[in-house]
Structures are given as C-alpha cells and as structure tokens.
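Q: Each chain is listed here by its residues.
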Amino acid sequence: MSYSNLKRVDLIFDKECNPKEIIKNTWAKSNDQIINELLESGLKGRGGAGFPTALKWKYTAEQPEPDKYIICNADEGEPGTFKDREILFKVPQKVFGGMVVGAKVIGAKEGFIYLRGEYRFLLPELEAQLEIFHASLKDLKIDFRIKIIMGSGAYICGEESALFESMEGHRGEPRNKPPYPTISGFRSKPTVINNVETLVYAFMICMHGARKFKDLGTADSRGSKVFSISGDTPKAGIYELELGMTVEQFVEEFGDGDTKAVQVGGASGFCVPRKKFKETIIGFEGVPTGGSMMLFNSSRSMFNVLHNYLEFFEEESCGQCTPCRVGCQQLILGIEAVKKGERHANYLEHLQKLAQTMKITAKCGLGQSVANSFFSIVENFKEEMIY
Amino acid sequence: MSKKINLKIDGIPVAVDERTTILQAAKSLNIHIPTLCYHDDLCIAGNCRVCVVEMKGSRTLPASCAMPVSEGMEVMTNTLKVRTARKHIIDLLLSEHNANCTTCYKNGKCELQALAAENKISVASFIDLVPHKNYQMDTYSPSIIKDDSKCIRCQRCVRTCEELQHVSALSVAYKGDKMKVSTFFENPMFEVVCTNCGQCVNRCPTGALVERNYLDEVWAAIYNPDKHVVVQTAPAVRVALGEDLGLESGVIVTGKMVTALKRLGFDSVLDTDFTADLTIMEEGFELLTRLKKALVDKDPSVKLPMATSCSPGWIKFIEHTYPEYLGNLSTCKSPQQMFGALAKTYYAQKRNIDPSKIVSISIMPCTAKKFESDRPEMRSSGYKDVDYVLTTRELAIMIKQAGLDFSALEESHYDSFMGASTGAAVIFGATGGVMEAALRTAYEVVTGREVPFNGLNITPVRGMEGVREATIKIEGTVPEWNFLEGAELKTVVAHGLTNAKKVMDSVRDGKSSYHFMEIMACPGGCIGGGGQPIPTNAEIRKKRTEAIFAEDSGMKIRKSHENPEVIAIYKEFLEKPLGHKSHELLHTHYKERIRH
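Residue numbers (our numbering), protein chains in the order written: chain A, 16 to 402; chain B, 79 to 674.
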C-alpha cells in the first residue's frame with residue numbers, strides 16, 4: 016500500500032524482532048539508562064491521555080515500597096478503536112517484552128494484562144504465547160510472571176483506577192485521585208499501568224534506541240502511532256502512521272471523497288468538520304487520539320452520530336458521580352427535546368454549559384471527556400441538531 | 079508530630095496537618111463548603127461533587143472532601159466557576175429526584191432540599207428524569223421503607239451498611255443511567271440480610287430510606303375511647319429527643335417527655351427501664367446458671383460465652399451470619415418485648431383491664447424494634463405484645479403535631495407501676511451499659527457486696543472503643559455461689575456490627591475465652607440507634623452518652639435488683655428469676671436465616 020502524504024511506519028508490526036534478544040540486551044543496561052532512553056524518545060502514553068511514559072516509570076521506580084506491579088491495560092473499549100486487539104493478536108511477545116522491561120525498571124515481580132471481556136477469544140493464544148515468554152524469561156534467569164485477568168465488558172474499567180477496583184474483585188468505579196497509581200495503584204501498591212501500544216513502543220525503543228522514534232513526528236507528538244480507521248472509508252483497518260499529519264492529509268488518503276467530518280479519538284474525542292481539516296493536526300498540538308478515527312460522509316446525520324455517542328456514555332458511565340451519571344442523561348434528553356421542538360434551540364447553550372461543568376467536575380476521564388464530542392459536534396453542526 | 083502544610087483558602091493562609099483534606103482545612107477557617115455524599119462517620123466517596131472548589135493550576139474543580147492539601151496550594155471556594163458548577167450539580171440531582179417535597183416524610187429534614195434552598199434553585203432547569211424511570215417503592219419491611227425515586231446515589235447507605243455494619247444488604251447495582259442502590263437480586267429489604275438497624279436511615283440525606291412510621295395508627299389508638307393505650311419509653315430516647323425539638327444534643331428531657339406523652343393522650347406513661355431492670359435479673363441469673371452448669375455440673379451442652387439479646391439488629395445479624403452461635407444468645411427477650419408481654423398480663427390484671435383493649439406502644443431509639451415487635455414469637459401474652467413501635471423521631475413529630483411547646487413543658491414522673499427505674503436500667507442506652515448493669519447485680523448476688531469500682535462506675539466497660547474487654551475477679555463469695563470463688567469473669571463489649579463480627583470471629587476461631595458478651599448493633603449502643611434524631615456523628619453520640627451516665631449517677635437507686643417494682647413483680651407475679659412464668663413471658667428463642 017502506498018501513501019501519498021502520510022508516512023507509513025513499521026515499528027510495531029515489524030516481524031524482524033527477537034524479543035528474547037532485546038530483553039537480554041536491555042538487562043545489560045542500568046535502569047537510569049532505560050529511563051533516559053525513554054525520556055529522550057519523547058514517548059507519551061498511547062491510551063489517549065498522553066502522559067510521558069518515562070516519567071510514569073521513573074516515579075514508580077522511586078517509591079520505596081517493595082511490592083510493585085506493572086499492568087497492561089488491554090481493556091480497549093473506545094468506539095472505533097480496535098488497534099490493541101490487532102497488536103495482541105499479531106505481536107504479543109512485544110507486549111510482554113515491554114512489560115518485563117517496565118518491571119525491571121520499577122522492580123516488579125508480577126505483571127498483569129487486564130483483557131477486555133469482549134476479547135476473550137484471544138485468551139487461548141495469549142496464554143500459549145505467555146508460556147513461551149515465561150520459558151525464555153526462565154532461560155534468562157529473570158524472575159517475573161504475567162497473569163491475564165479478564166474484564167467483564169464495562170468500558171469504565173479501562174479507566175486505570177476502576178481497572179484496579181475490578182482486578183481486586185470490586186465494582187468497577189474510579190477512585191479519587193490523588194493518590195495516583197505510581198504511589199497507590201493495584202492492591203494500593205505503586206503501579207505502572209500502560210496501554211498495550213505504549214508497552215510495545217517502549218520495547219521498540221529498547222530495541223532501536225530513542226533516535227529512531229524521536230526522528231518521527233513533531234515536537235509535541237513524537238513517533239508513530241497505530242490508528243484504527245472506520246466509518247465512510249474504502250480503507251477501513253489498522254495502520255501505523257507517523258504522527259503530525261493534518262486531518263486534511265488523513266482524509267485525502269482515507270476518505271471516500273465526500274468526507275464531511277472526522278471523529279478523532281472516538282466517542283470521547285473531537286469531531287473535526289471539513290472547514291477545519293487543513294488547520295487541525297492529529298496529535299497533542301491539535302486533536303489527541305487513542306487511535307480511533309471515524310470518517311463521516313454527507314449521508315450521515317451528525318445528530319444521530321452525537322446521539323449514539325451520548326447513548327454510549329449514558330450506559331457506560333459507572334454512575335457514581337453526579338455530573339457524569341445525570342449529565343449524560345440530560346444531554347441526551349436535551350438534544351432529543353430540541354430536535355422534537357419541545358425545547359427552544361437556545362436550550363443547546365444551556366446543555367453546552369452543562370457539558371462544561373461535566374468537563375471540570377466529573378470524577379474521572381470518562382465524565383470529563385463527554386464534553387469533547389458534545390461541544391465539537393454541537394458547535395460545528397448546530398443546524399443538524401435543531402432541524 | 080505530623081508535618082504542617084501551608085496553603086491558602088480564599089486568600090486566607092492556613093497551616094494544617096498532612097493528609098488533611100481541603101474540606102477539613104476550610105472548616106478550620108470556618109469556611110463552609112456544602113457537602114452531600116460526605117459523612118463524618120464514613121469513608122470518603124467524592125461521589126456527589128457538590129463540594130467542588132477551584133484550585134490554582136488545576137484544569138478541573140476537585141471535590142474538596144477527597145482532595146488532600148499540598149504545600150503552597152491555593153484554593154477558592156466561592157468563585158463564579160464554583161458557584162455555577164455547584165448549581166448545575168444540585169440541579170442535576172434534583173432532576174433525578176422525585177421532588178414531591180410537600181408529601182415527603184423527610185420534608186424539612188432533607189439535605190438536598192436544604193441545598194436547593196441555600197442555592198435558591200427556583201426553576202428546574204433540566205428535564206425531569208423521574209417519569210423516565212420505573213421506580214417501585216419497597217414497603218415490605220416493618221422497619222424501613224426504601225424509595226428509589228428519592229435516591230441521589232450518594233452511597234452513604236451503602237458505605238454505612240458495609241463499613242459500620244458489615245452487613246452489605248445494600249450495594250450498588252448496574253451502571254450508567256440505570257445505576258441504583260439495590261439489594262441481593264433486588265429482593266425487598268424484608269427478604270435480604272438487612273438487620274433493620276436503620277443506620278442507613280440515619281445517614282440517608284433524603285427521603286430514600288426512612289423508617290416505616292406508625293403515627294396514624296398510634297393517633298387512632300389514642301383517640302379510640304375503647305382502648306387503653308400504654309406507652310413505654312426506652313432509656314436512650316430521653317437523652318436525644320430534645321435534638322428534634324430545638325434543644326442541644328445531650329440534654330436530658332425525661333420529665334418533659336413524660337409530660338408530653340401524657341398531654342398527647344396516652345393512658346399510661348411507663349418506662350422501659352423497668353423491664354431493663356427485669357432483664358438484668360433474668361439475664362444475670364441466666365449467666366450465673368450457665369456458669370454453674372459449666373463449672374460445677376460440667377455440663378458440656380452449656381453454651382458460653384453468653385451474649386446479650388437486647389439489640390434486635392444484633393439478633394438478626396447473628397441469625398443471618400453466625401447461626402451456629404444462636405445457643406449462645408441469652409434467651410431473654412429485650413426489655414421492650416418483656417414490657418409488652420407484661421403490659422397485657424401483669425399490668426392488665428392489676429389494673430383490671432381487658433388485655434384485648436390494651437394497645438401497647440413503645441418509643442424506641444431503634445428501627446429494628448419495629449421488626450422485633452412483629453416477630454411471631456412475640457405474642458406470649460396471647461396478643462401482640464407490642465402493637466406499635468415509634469422511633470425517637472416519630473415521637474418528636476407527634477409532639478410537634480400536637481402543638482406542644484416542648485421546652486416550656488413542666489416535668490413530671492412516670493406513672494406507676496412499671497414506671498420505676500434505676501441507674502442500671504438507664505445505662506442500657508449506651509454501649510457497655512447492659513454489661514455494667516448486669517455486673518452490678520451479678521457481683522452482688524454472688525458476693526453479697528457491691529462491685530469493687532468507684533461509685534458503681536465500672537469504667538473499663540465504658541467508652542467508645544469498638545471492642546472493649548474487662549475481667550472481673552470474684553472474691554468473697556456467699557456460700558451458695560462459692561464455686562465461683564476466685565474465678566475471673568471475662569467480659570467483652572462491642573458496638574456496631576463490624577465490631578460484633580470481630581468479636582464473633584475471635585470466639586469462632588477460639589482466640590478468646592469470654593463468659594459474657596454485650597453486643598449492640600448500633601455505634602455507641604442505643605444512643606446511636608437507627609431511630610434517633612438525625613444527624614449523627616461521634617461528637618453527638620458522645621454528648622448523648624455523657625447524658626446517660628449523668629442520669630445514672632443522679633439516681634437514687636442504681637442497681638436493678640433494688641428496683642422496688644421489680645422486687646414487687648417477683649413477689650406478686652413472677653415468683654423468681656427464670657421461674658415458670660418468666661420462661662413463658664420473658665424468654666424466647668431464635669432461628670437461622672438466609673445469608674444473602
């Protein structure tokens with residue numbers, strides 16, 4: 016496949032890789048060297064929030080507590096995201112590799128993969144791959160084990176503290192922060208929790224060095240990233256691309272010639288309308304994304320798009336905090352009422368203020384991010400909301 | 079010494095201990111931040127978000143109840159941003175809440191209502207969500223009514239049921255818009271592990287969890303000329319009732335309460351303290367008998383330690399959770415039920431009233447007493463021994479309904495007979511009180527001398543520690559009890575069912591060798607009961623406790639066996655403790671219940 020504007024990268028799915036060799040070589044380095052390499056690379060978490068991976072590892076490494084954990088967050092649930100599934104399916108050894116390196120740096124003896132309930136079909140193969148991985152660790156005399164824990168299909172359990180609650184056998188509800196996982200995570204011990212993709216990139220940086228990664232992307236968004244592309248596109252699928260492209264470049268490559276909007280980052284992300292394609296960079300300087308890219312052409316009703324997203328949040332909110340639980344219900348009923356003419360169009364402004372409150376008062380990222388799609392769709396497609 | 083953290087709240091510098099929250103730090107400056115899901119007795123939840131504040135350098139508004147202070151922090155509690163967010167949040171809660179305030183049992187006592195008033199929310203700005211939900215009220219329990227349409231999902235009840243009581247009858251179910259506080263398989267409260275303790279009711283900020291009230295039934299009985307209405311009041315009521323009638327916590331209102339009850343129209347105003355003393359007689363002799371059977375007769379079937387049976391919440395807890403220990407419970411009925419059984423037998427005979435015309439009412443600090451009075455075992459008088467149980471709160475409502483100016487009422491005495499009480503009976507209202515009262519009597523029975531403590535105050539069993547142990551060495555016994563010479567009576571007191579669990583687990587695991595256990599379901603004992611005035615917290619419970627012990631030390635008679643009416647009833651009616659009649663009327667049995 017060729018890309019006119021976009022640079023395809025092949026770090027993650029590159030088959031030329033011997034995980035055992037990388038682990039062996041990495042073990043020859045000091046923890047400081049590994050952290051500095053990661054820091055130098057500019058790798059930010061690929062789950063969406065974009066926290067520098069090196070710092071997360073460093074802070075956890077600094078904790079005096081002897082019991083620590085590393086957790087791979089494989090609870091991929093954002094609508095339109097299916098990249099982690101592909102990574103776990105195609106290159107699981109690289110994921111495990113990232114975990115063992117992280118474990119070395121922070122001093123963990125145990126790691127966990129929290130696997131999305133809907134990905135249970137991956138389990139037998141992952142278990143088989145883990146056996147191979149554990150055998151190579153044994154050869155290398157490394158004392159570290161990974162266990163896979165299945166989620167039960169709640170989107171909120173992708174939120175790190177809800178994920179810990181779920182792993183501990185409780186209801187998946189986010190915790191108050193601080194304390195952050197680096198100090199008190201799984202079983203209240205210092206914990207590194209990384210997205211599947213982040214761990215693979217960390218491992219690739221160990222293999223290739225920071226340079227290769229750093230040379231890709233922009234100042235704010237280093238490296239490459241795996242995108243899952245869906246919607247009105249002839250090329251739906253998984254692609255690893257260099258960061259820093261504009262939406263326009265992206266649409267040129269993946270659109271169907273009639274793209275009116277692109278939802279970057281799934282339901283919790285931002286909707287970019289055609290008039291902003293040119294100026295919008297996909298990355299931390301523009302619109303950040305966990306990887307979901309949805310294209311909509313002119314046949315789509317943006318009211319329905321927003322309605323779908325809100326329905327998703329209304330159901331997937333854990334329900335514990337007021338702004339998220341009730342706010343989602345109000346947003347959905349509110350846009351319905353406006354559409355049906357039961358409320359005046361200016362009720363949308365009231366809802367936008369509510370969305371603003373949700374963004375700053377909800378307990379966790381889920382409730383806070385509902386406002387992203389709401390704002391960007393209501394602002395850019397107001398007439399579709401009313402008529 | 080802990081480290082001091084310097085921060086500024088609304089521009090005012092303050093230094094507080096490490097791990098203090100913004101909410102606590104603001105309180106130390108007398109800055110009031112409104113809260114809803116927060117409760118002094120419970121762990122931090124950060125659920126409702128009403129207490130959000132602005133924090134310099136933070137994109138979001140953190141919940142002040144859950145945010146620890148940090149050095150150099152600058153907090154603003156009263157900006158436009160905070161005010162707008164707070165109003166939105168209250169508005170959202172109202173939209174999800176069945177706001178039929180005028181007909182709500184909690185009208186005027188609802189924290190959400192107060193917040194709405196404080197923030198002058200006059201127009202509902204969001205769409206009413208209540209009609210979109212298929213709410214059903216749970217009215218099956220004789221003690222507690224659960225109305226989900228008024229629930230604001232703050233989870234105070236859930237935390238109470240789990241943390242304080244280790245019962246977990248209430249938990250959170252579902253997610254998103256369907257998230258609710260529920261029970262096992264959504265069964266009615268009556269059919270789950272609920273102990274009816276009412277601690278959830280005490281902490282529910284709205285009308286979602288309330289006691290089942292029997293006000294209409296009681297008024298109807300009072301107004302019925304064919305009925306003779308007898309009322310008894312529990313020891314813990316007199317030290318808390320005032321709180322619902324405009325007085326400070328910890329004011330003893332015994333005399334005014336008696337006057338009020340007479341003015342309400344009860345035919346006879348009597349004191350549960352009388353049967354509390356009787357309980358001591360029966361339970362004390364039961365303990366001594368068990369000890370004799372175990373120590374002298376070497377009877378292996380005797381169950382020790384013996385546990386008190388006054389608290390119906392505790393009884394239901396053990397029936398659900400430790401049924402293999404039911405034999406360890408004293409067979410004594412609670413003072414309320416002893417009273418009920420005697421009201422329709424002894425009292426009826428002496429006053430020459432047809433027992434079918436007697437309506438027996440009790441005023442209790444407790445919601446579980448409502449359930450207890452409904453137990454099928456509690457009809458030994460041939461009638462329902464106690465017809466209706468009212469909480470302290472319900473009595474306060476009746477007093478207000480009758481238009482009485484409570485604080486201006488003169489004081490009067492309980493009617494006689496079954497109205498005489500002792501200090502020993504009064505302290506039943508506080509944790510450790512039954513133990514102390516029992517020891518005052520049992521020690522004297524066995525040795526012929528008063529307990530060797532300063533002024534009868536057995537301080538080791540007093541206090542608010544969750545589990546308290548005390549050992550009493552018995553010396554100088556009278557001949558009849560000389561098998562106890564030199565014995566060390568090991569006792570334990572626990573309050574709150576989480577502490578009950580600790581004690582029961584240590585008994586089960588053989589880690590302790592108690593002879594006598596006093597267990598009360600509620601924190602602080604009956605003074606912290608589920609039927610007591612709301613709010614409750616450690617400070618309020620402490621004041622009520624102090625009032626209880628003040629009442630005791632002010633009384634002329636402070637030992638149950640010296641209660642003249644108790645002496646009289648044995649002479650005239652019961653013959654002797656654990657006698658045939660006592661067994662028939664004053665003792666009961668228990669049964670195993672489901673565990674979910």
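Treat the hints with care, since some could be wrong.
Take a look, some chain B residues computed to stay more than 10 Å from chain A by CB distance [as the list claims (entries may be wrong)]:
no. : residue
1   : G89
2   : Y252
3   : K256
The calculated lysine-lysine pairs, modelled on DSSO-like cross-linking and capped at a C-alpha distance of 30 Å, are [claimed, not checked]:
no. : chain 1 : residue 1 : chain 2 : residue 2
4   : B       : K370      : B       : K381
5   : A       : K204      : B       : K579
6   : B       : K580      : B       : K669
7   : B       : K105      : A       : K192
8   : A       : K73       : B       : K81
9   : B       : K428      : B       : K659
10  : B       : K159      : A       : K368
Part of the chain B face toward chain A, derived, beta carbon under 7 Å [unchecked claim]:
no. : residue
11  : C126
12  : V130
13  : E132
14  : A177
Calculated from the structure, these hints are not laboratory results. Cβ atoms here follow ideal geometry from the backbone N, Cα and C, with glycine treated the same way.
Q: If a hint holds in the structure, say so; if it does not, say that too.
A: Right, here's what the structure says about each hint:
1. G89: About 21 Å separates G89 of chain B from the closest Cβ of chain A, which puts it past 10 Å; holds.
2. Y252: With a cut-off of 10 Å, Y252 of chain B comes too close to chain A, as the shortest Cβ separation is near 7 Å.
3. K256: 8 Å, violated
4. B:K370 x B:K381: Holds, because 12 Å separates the two Cα atoms, which is no more than 30 Å.
5. A:K204 x B:K579: 28 Å, holds
6. B:K580 x B:K669: 22 Å, holds
7. B:K105 x A:K192: 21 Å, holds
8. A:K73 x B:K81: Holds - the C-alpha atoms of K81 of chain B and K73 of chain A are around 26 Å apart, at most 30 Å.
9. B:K428 x B:K659: Roughly 16 Å between the alpha carbons, so the hint for K428 of chain B and K659 of chain B holds.
10. B:K159 x A:K368: This hinted pair holds, its Cα atoms lying about 11 Å apart.
11. C126: With a minimum Cβ separation of about 5 Å from chain A (threshold 7 Å), the hint on C126 of chain B holds.
12. V130: For V130 of chain B, the interface hint holds, since the closest Cβ of chain A sits about 5 Å away, which is under 7 Å.
13. E132: At 9 Å from the nearest chain A Cβ, E132 of chain B fails the 7 Å test, so the hint is violated.
14. A177: 14 Å, violated
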